[in-house]
Structure formats: C-alpha cells, structure tokens
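Visitor: Below, each chain spelled out in residue letters.
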Amino acid sequence: MAATRVAIVLGVLAIAGVMAEAQSPAARNISGAWVPMGGGRGADPKIAPPPATPIVLKPEYAKAYEARRTAEAEAVKRGEPVATPAILCLPYGMPRMMTVASYPLEILQTAGQVTIITEAFSEVRRVYVDQPQLPIDEVPPGFYGHSVGRWDGDTFVIDTVGIKPSVLSYNMLPHSDRMRITERMRLVTPDVLHDQITIEDPVVLEKPFTYTLGFRRLPDYKMVEFVCENNREYIDEQGRVRMRVGGSQK
Amino acid sequence: MSFRRITGSLVIAFSVLAGGARPALAHHSFSMFDQAAPITIAGVVTSVEWTNPHVYIELDLTEPVKGAKHWSIELGSPSILQRGGWKFNTVKKGDKVSALVSPLKNGDPGSLLTRITLPDGRVLGNGGPAGVGPGTTAPNAGAGASSTLGR
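So the sequence lines, in the order shown, correspond to chains A and B. All the letters of the first sequence, read from the start, carry residue numbers 15 to 264 under my numbering. All the letters of the second sequence, read from the start, carry residue numbers 92 to 242 under my numbering.
Hint data in this document are derived by calculation from the structure and do not stem from the laboratory. Treat the hints with care, as some may be off.
[As the list claims (entries may be wrong)] Below 30 angstroms or equal to it, Euclidean Cα-Cα: the simulated DSS-like pairs (lysine-lysine) are:
| # | chain 1 | residue 1 | chain 2 | residue 2 |
| --- | --- | --- | --- | --- |
| 1 | A | K91 | B | K160 |
| 2 | B | K178 | A | K236 |
| 3 | B | K183 | B | K196 |
| 4 | B | K184 | B | K157 |
| 5 | A | K77 | A | K236 |
| 6 | B | K157 | B | K187 |
| 7 | B | K157 | B | K183 |
| 8 | B | K160 | B | K184 |
| 9 | B | K157 | A | K91 |
| 10 | B | K183 | B | K160 |
| 11 | B | K183 | A | K236 |
| 12 | A | K178 | A | K60 |
| 13 | A | K91 | B | K196 |
| 14 | B | K160 | A | K236 |
| 15 | B | K196 | B | K184 |
| 16 | B | K160 | B | K187 |
| 17 | A | K72 | A | K236 |
| 18 | B | K157 | B | K196 |
[To be verified] Quick look at which bits of chain B chain A covers, simulated, 3 or more residues with Cβ under 8 angstroms:
| # | stretch |
| --- | --- |
| 19 | 134–145 |
| 20 | 158–168 |
| 21 | 177–186 |
[Said to hold, decoys possible] Derived, one-sided and incomplete: chain B residues facing chain A with beta-carbon distance under 8 angstroms:
| # | residue |
| --- | --- |
| 22 | H118 |
| 23 | H119 |
| 24 | S120 |
| 25 | Q126 |
| 26 | I130 |
| 27 | Q173 |
| 28 | R213 |
| 29 | V214 |
Even for Gly, the Cβ is constructed at its ideal location relative to N, Cα and C.
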C-alpha cells in the first residue's frame with residue numbers, strides 16, 4: 015500500500031515536472047532561423063505537421079475560385095505561368111508569407127514584441143505581446159494587418175486582422191476584409207516548430223479551416239538579403255508571363 | 092443553412108497528406124521552360140547578375156543553338172544557390188562554361204539552368220535542398236532539385 019502511494023506521488027511529481035518543462039523558458043524560446051519542413055509520405059509522424067481540415071467556400075466564391083484554378087491549370091499546361099502578384103515582385107503578405115518554397119524565416123523575441131522576418135521578399139511581421147487586439151475596422155487594410163500575441167502555456171497564440179482582400183490567402187483563396195487569422199505556434203521538439211493556422215472569414219467561408227506549417231531550426235544560419243531588383247519576368251498584354259532575354263537593362 | 096446552400100458549396104479537398112501545407116512558389120512556376128527537352132549550350136560568360144528574384148548568366152555561344160548566338164540562363168535566387176554550394180563570384184565574366192538548360196517553350200533564347208560545368212571542371216546545380224547550409228554542395232542538385240526550389 016505504501017509502495018502504491020509512493021508511486022502515485024512520484025507519478026504526480028513527474029507530470030508536474032513535464033508541465034513545468036513545457037512552460038519553461040526553453041519551451042518558449044522560438045527565436046532563431048527556421049526552414050520549412052517537408053511533410054508528406056515518409057515524413058516522421060512524430061514531428062510532421064498534421065493534414066489541413068477541409069476548406070468550404072460559400073457558393074458565390076466557390077464558383078469563381080474553381081473557374082480561376084481551372085484557367086490557371088490550363089495556362090500552365092500551355093507553358094504560361096500564372097500571373098500572380100509575386101510575378102510583379104509584390105510581397106506575399108499574410109498568411110502565405112509564412113511559407114514560401116524553401117526560404118527560411120527568422121523569429122526575434124524582444125520585450126513586448128515578437129518579430130517575424132521572412133527571407134523571400136524580406137517581409138516583416140510585428141506581433142505585439144499581451145496587448146489588446148483592435149477592432150477590424152480600426153486597422154488600415156494591409157499585407158500584414160495588426161497582430162497581437164500571448165503565451166498559452168507552451169503555445170504562442172497570435173491573432174491577426176486587417177489583411178486587405180487583394181492579398182491572396184492560403185492556396186490562392188479569396189478572402190474578405192473580415193478575415194481573422196489565429197496562429198498557435200509551439201515547439202514540438204526543441205528544434206521543430208509548428209504553426210497551426212486557422213482562417214476564419216464569415217463572408218467567404220462556410221466554416222473556418224485549419225492547416226499546420228512545420229519548421230526545422232537552422233542553427234547559426236545567417237539570413238540572406240532579398241531585394242527584388244532584377245525582375246525579368248513580366249506579364250504581356252495577353253496576361254501571359256514572359257521572360258525578358260538578352261541581359262538586364264542595368 | 093439550406094440543403095441547396097450546402098450542395099452549392101465547394102469542398103476543396105486538397106491532396107494534403109501528412110505534410111500539411113504545400114509550399115508556394117516564390118516568384119513564378121517553371122512551366123514556361125521545356126524541361127522535357129533539355130539542351131547543352133557552351134561559350135563565354137558575358138555577365139553574371141547575382142540578384143533577386145533570380146540570378147542570371149549571359150552567354151555568348153561558341154556555336155549558335157536554335158539560331159541564336161547569345162543565350163540568357165535563369166538560375167534560382169542567391170539564397171537557394173548559396174545552399175547549393177554557389178558563391179556570388181563562382182562564375183565570372185570571361186569564364187568558359189557549358190550548361191545543361193531547359194529552353195523557353197516560346198523559342199526565345201532564354202533558359203533555366205539544370206547544371207553548369209565551370210572552367211575548373213566543377214559541376215554545380217541550380218540550388219540546394221532546404222536547410223542545407225551555405226557552402227555545402229548538394230550531391231544531386233540537378234534538374235530534380237531545382238524543380239522544387241526557390242520559384
């Protein structure tokens with residue numbers, strides 16, 4: 015009986031220890047450079063990001079989105095890349111900036127603020143910690159909106175509003191000025207970070223959807239500058255993407 | 092919510108398996124290049140532009156290819172190339188090089204690099220895999236690697 019009691023006490027202490035560890039400074043240290051982590055087949059299920067939930071657009075938006083995606087697929091088959099804002103060197107904005115191909119991003123934690131800097135297009139987000147969110151209608155619509163964050167145990171929760179509708183959402187989805195982005199960032203191991211992103215938009219979406227990005231820590235990585243100064247791709251009068259050949263105009 | 096509204100909705104079933112989100116392309120897709128019909132071009136480098144969103148090498152060919160004596164080669168970005176073992180001065184004006192490239196489908200003398208052979212015999216691809224540090228040469232950084240990176 016005494017042995018059982020000792021075991022129970024030890025068990026409780028162990029659980030408490032784990033919880034303390036989860037909320038320790040190490041569990042909240044997400045500063046540093048991170049590179050998108052591939053998932054899919056063969057990925058380690060212990061650290062791979064979980065699959066996205068279904069995305070359900072309202073009918074009036076679904077029809078236009080489907081037509082656009084079909085037209086884009088046909089254009090790609092013809093050898094004409096889709097004319098996206100990135101062709102014009104416009105930055106991605108939220109939420110797409112959080113993963114651009116294999117480009118790293120850097121997270122900096124300072125007093126009262128978490129700053130996220132992406133390598134592709136040198137985009138910058140500022141997340142104000144433990145501050146109240148503004149009403150959507152008080153945020154000037156932009157690429158990054160207004161973000162506030164707070165720690166919930168070992169998870170950094172970010173709330174973002176104020177993304178302008180011309181900034182495409184996840185998978186090139188449309189969105190309204192009512193979109194709200196909730197992120198839950200958490201270290202699943204000391205060197206693997208997950209960013210669980212939930213998109214709410216009562217105008218465009220039937221219901222919110224959630225997807226998760228995975229990142230691997232890049233120790234000692236020095237971020238490379240990215241100024242889009244020499245863009246040889248352009249959109250011609252037919253809306254096709256072309257490459258200018260024969261050297262730059264510099 | 093009415094039945095009609097539900098059936099009228101589009102459920103977008105992305106083929107996302109265990110991997111979560113699929114990375115976006117950084118600048119543009121590869122579809123304007125004919126990756127099924129690569130060609131080799133060789134000559135003297137007339138300029139190297141170590142810039143974003145892409146690095147470019149201009150080449151005066153020893154022998155014309157597809158009727159053109161001068162070709163442009165598009166590469167990944169400086170970030171992507173550094174991870175594949177490149178430096179900003181790996182290729183210089185005046186270097187004699189040969190390159191395996193995917194030409195533009197529209198017939199213009201422009202192309203996407205698959206791999207390049209430098210004057211000293213080194214062979215470099217078009218970038219490195221995610222997370223590989225600068226100065227580390229990717230052993231298989233050819234067409235396969237470049238097709239998933241930095242675009």
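Visitor: Among all the numbered hints in the text so far, which are the ones the structure does not match?
Guide: As far as the earlier hints go, 5, 12, 14, 17, 21, 25, 26, 28 and 29 are violated by this structure, in ascending order.
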